[in-house]
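Novice: In case you want the letters, here they are:
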Amino acid sequence: MRIALLTESTLTNAQRGEGGWCGRLVDGLPEHEFRLYRLLPADRPAPPTGVRGLHGVHELPMWGRRPGGRGPTALRRRAYTKAYEELVRALVTPGERAGFGPALYRLAALGREDEALPAFLASGHAHRALERIWRMPGADTAGGQPLVCDVLVAADLLEQCLRPLSAPWYGSGPAGLGGADLCHVVGGGPAALPALVAREVHGVPFVVTEHGLHLREQYRGYRSAPYRWPVRALLLSFFRQLTEETYRRAAVLTPGSEYDRRWQQRCGGEAARTRIVHEGTAATGRPAAGAEPEAPTLVWAGALEPGRDPELMLHAFARVRAELPAARLKVYGEEGAPGYLAHCAAIAGRLGVGDAVEFAGRPASPAAAWESGSAVVFSALAQRSPRLLADAMLSGRAVVSTEVGVAREVLGPTGLLVPPRSPRALAAACLALLTDRERRSRLGLAGRLRAQERFAVEPVVGAFREIYLDLVSRYPAFPARPGSQARPFARPAEYWVAGPVGGDARADGDATVEEPARTAAGPALAEAL
Amino acid sequence: MTGTPASGTPADPVRELLDANRELCEQAVDPLEIAAALEDSGLAADGAARYRHADVFGLAEELYARVPRRPPAREPLPPAEPLRALPLAALYGAGAHLLPLLPATAPGGPSGGALAVLLGAGAGAGADLLRARCGRGADGRDRTADAAPGRGAVPWAALGRGAGTGLLLALLAATDPGAATAAAIGGASAAAVAAWLRRFGQRQGAAATLGEFRSRLRFALPLAVLAQLAALTGLGRAVARDTPATGWAALLVLGTLPLLAAVVRDAGRPGAAAVAVLTAAAGAAVLALPGPAHWLGASPTGGLAATALGPALLLAGCAWPPSTRPGAYR
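Top to bottom, those sequences are chains A and B. So that you can map any letter, position 308 of the first sequence is 308 in the working numbering, and since no number is skipped, the others follow by simple counting. Going from the second sequence to the working numbering is simple: count from 1 and add 529.
Think of the hints as simulated: they come from the structure by calculation, not from any bench. Just so it is clear, CB atoms sit at the ideal spot from N, CA and C, and this is done for glycine as well. Treat the hints loosely; a few may be bogus.
Cβ-Cβ distance ranges computed for the label pairs, FRET-style [said to hold, decoys possible]: (1) B:539 x A:248: 50 to 60 Å; (2) B:549 x A:114: 48 to 58 Å; (3) B:763 x A:109: 32 to 42 Å; (4) A:203 x B:549: 48 to 58 Å; (5) A:294 x B:541: 23 to 33 Å; (6) B:729 x A:203: 31 to 41 Å; (7) A:343 x B:747: 53 to 63 Å; (8) B:555 x A:288: 32 to 42 Å; (9) B:640 x A:174: 51 to 61 Å; (10) A:294 x B:601: 31 to 41 Å; (11) A:262 x B:747: 50 to 60 Å; (12) B:635 x A:339: 54 to 64 Å; (13) A:68 x B:638: 35 to 45 Å.
Looking from chain A toward chain B, a few residues come up when the C-beta cut is under 7 Å (computed) [what the hints assert, rightly or not]: (14) 228; (15) 229; (16) 382.
From just these sequences and the hints, can you work out the full model?
Specialist: This is the structure in structure tokens:
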């Protein structure tokens, strides 16, 4: 079947090796025809996708400079303004949230007709409409009324976020989303906009895969953004409405962890349509780490920043050292906040463990980092992604972690969990591991097996093979045209994997399609038809 | 929760958390923002149970409901262009106008005029490029995003405007060198005044509504034009004292044209500015041909002023309404 992968460029870039997650998915499902649609930061050259075996790559510059183009004619401007006002009203008036989706689709429909949407969104007419609705009684401006500069900044940001609505992707030809059997949104956020529009226009179902929720990252990022309260409120409201609309319309949600699933459920993702698919990693094939070092050594890895809390590790290590003077600590990772490395070194010196702590910087490879210790410790205040934990478990070393975020579900019974911000508990757990070689190796082996089981690539590919087939069997093969009834099971699932013969002929229309499908799917099916 | 709370636990455990995170809760736009921040600070589902909530979201909603919203006392406004941009703009303006004047006065004649057109085009495009580079503010945002063409594209508008300016100056220099010098130096003040107008408009971003912004900016462009006329008068008195009345008229019109063109360009219509300047230049060139000037019997400088006056007035009409909108000062 034809699958459209929608993503923002950062997720598929080649730095994560072999095309990243999308690359592994495309490699694993060669029977399907993938096209990649990605949103790019403008002004910067696009990184190569790194994904092999794609049938096409379509790109849309999203951030930065506005593409040229004329605004709508005076007659059509009324319709544009009305739809835009509806959208803004849904964002700023708490009681009008339901209008978000319809307003979005209306804007998209207008933009498809005359391609004047970006120019309209940047025009003075849009500014006036935005201000009028934003300053109306009933709008949520508890944190301050918007000023002229807020209107300008917010209109700019909205224009950039809504750019995918005017992408030239919505045709029903082979390169358009209308010609796809389903859309797969990787990463959420604005990348879901084309999928929402394709679902509205062509009835194409879509799957949403998120590793690290886009909405949560927006909430975290906007706290330090240089915008005033009203702009923050409007934009975060936009992202929340967009996310809720996405979760509501998505046929299947596949979060990467139970922790993310809770957030998705909070934002309207139904439990019945949610299936957790762990992020597969190619590191499962890596051999286990070799012999342990001579001295009992703890390894800590991660960016050096307050959120990762290396200070807790140092305080705990001081207690470990008091009991076990031979113990050593290796800290891997680069500075996440300026000056934080010196700060940590000063703390280590003050605690009297400066000579036993080694700040080793960026390791040659994660495997080398894990191998250099007897046990691995994570002391972060928040663990949003299972990636680093899983990688450490795959080394076969025992893992101690603070019990936050995904730590419990990833480690399970194969590691030690301690409460965050508690040096005593962390030190006790580290000591328990360092002084008991047998327990260490037992936990390490169990952790490696658990990670190999959960984070292998094959289950991910298998899960999506099932999800894709399940989806197309529940949705009509040909979207309902106006006036005709959508028929589920119009095509059996086998039809879609029947091979390229059926796949090519499909575009020609109903009459010609039957024959190749029959021959390709075998005599039993032909009889049934 | 029935009965009295166990001894040792406070009756209202959320209170402590609320006091610790008061600023966060006051500035939050949504309960989910508080939930994300609480999770970042190490609070997990078990932690929420300590505050008698099933999960972090319920706790965040309680915090959001219990604290009234209060934005930070002094929120930064988007920064305006720095003051040092004004002399820089004057420098670029002077360069763009004095460079084409050199060949127009020294060799003179048709070859000097052609060279002036070429130099004017080059200098105009170069000045725009430099300005765009300086316009990238400290926050890294491109302020001239709408006005400037994309990277790698040929800046046709800037080239056309520069060429037209060069031709006008060459024609004026052929008949009245003193007035031409004054007009070219006036190019510097035109650029400075345009930069001041831009900065003034950016600083009015703190206006409450678009209507208030409009009323504050309504007389900014007329004032800017008056200031430019005053500067030109001063320059004319200093440089070209014994110029006839038609020469004065040409000086004032040609000196104001760059200001209006710069304002229209900044408002996001560089094409309109270039077309107006080129129209004026083309009209002046036709009048300067031996035939038409002879038939009309007009003095050369008078013809120049008359042909440039129409485009200048059109540009002024084209620049005034957008100059009262905030979108023109990005």
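Novice: For every hint, state whether the structure bears it out.
Specialist: Outcome of the hint check:
1. B:539 x A:248: 50 to 60 Å: For residue 248 of chain A against residue 539 of chain B, whose Cβ atoms are near 40 Å apart, the range 50 to 60 Å is violated.
2. B:549 x A:114: 48 to 58 Å: holds (54 Å)
3. B:763 x A:109: 32 to 42 Å: Roughly 58 Å apart at Cβ, these two residues miss the hinted range, so it is violated.
4. A:203 x B:549: 48 to 58 Å: holds (50 Å)
5. A:294 x B:541: 23 to 33 Å: violated (54 Å)
6. B:729 x A:203: 31 to 41 Å: Check failed, 53 Å falls outside 31 to 41 Å.
7. A:343 x B:747: 53 to 63 Å: holds (54 Å)
8. B:555 x A:288: 32 to 42 Å: Taking Cβ atoms as reference, residue 555 of chain B and residue 288 of chain A lie about 51 Å apart, which means the hint is violated.
9. B:640 x A:174: 51 to 61 Å: Holds, at about 59 Å.
10. A:294 x B:601: 31 to 41 Å: violated (54 Å)
11. A:262 x B:747: 50 to 60 Å: holds (54 Å)
12. B:635 x A:339: 54 to 64 Å: holds (59 Å)
13. A:68 x B:638: 35 to 45 Å: Distance hint for residue 68 of chain A, residue 638 of chain B holds at roughly 41 Å.
14. 228: Holds - the Cβ of residue 228 of chain A comes within 7 Å of chain B, reaching about 4 Å at its closest.
15. 229: holds (4 Å)
16. 382: Where the cut-off is 7 Å and the nearest Cβ of chain B is about 5 Å from residue 382 of chain A, the hint holds.
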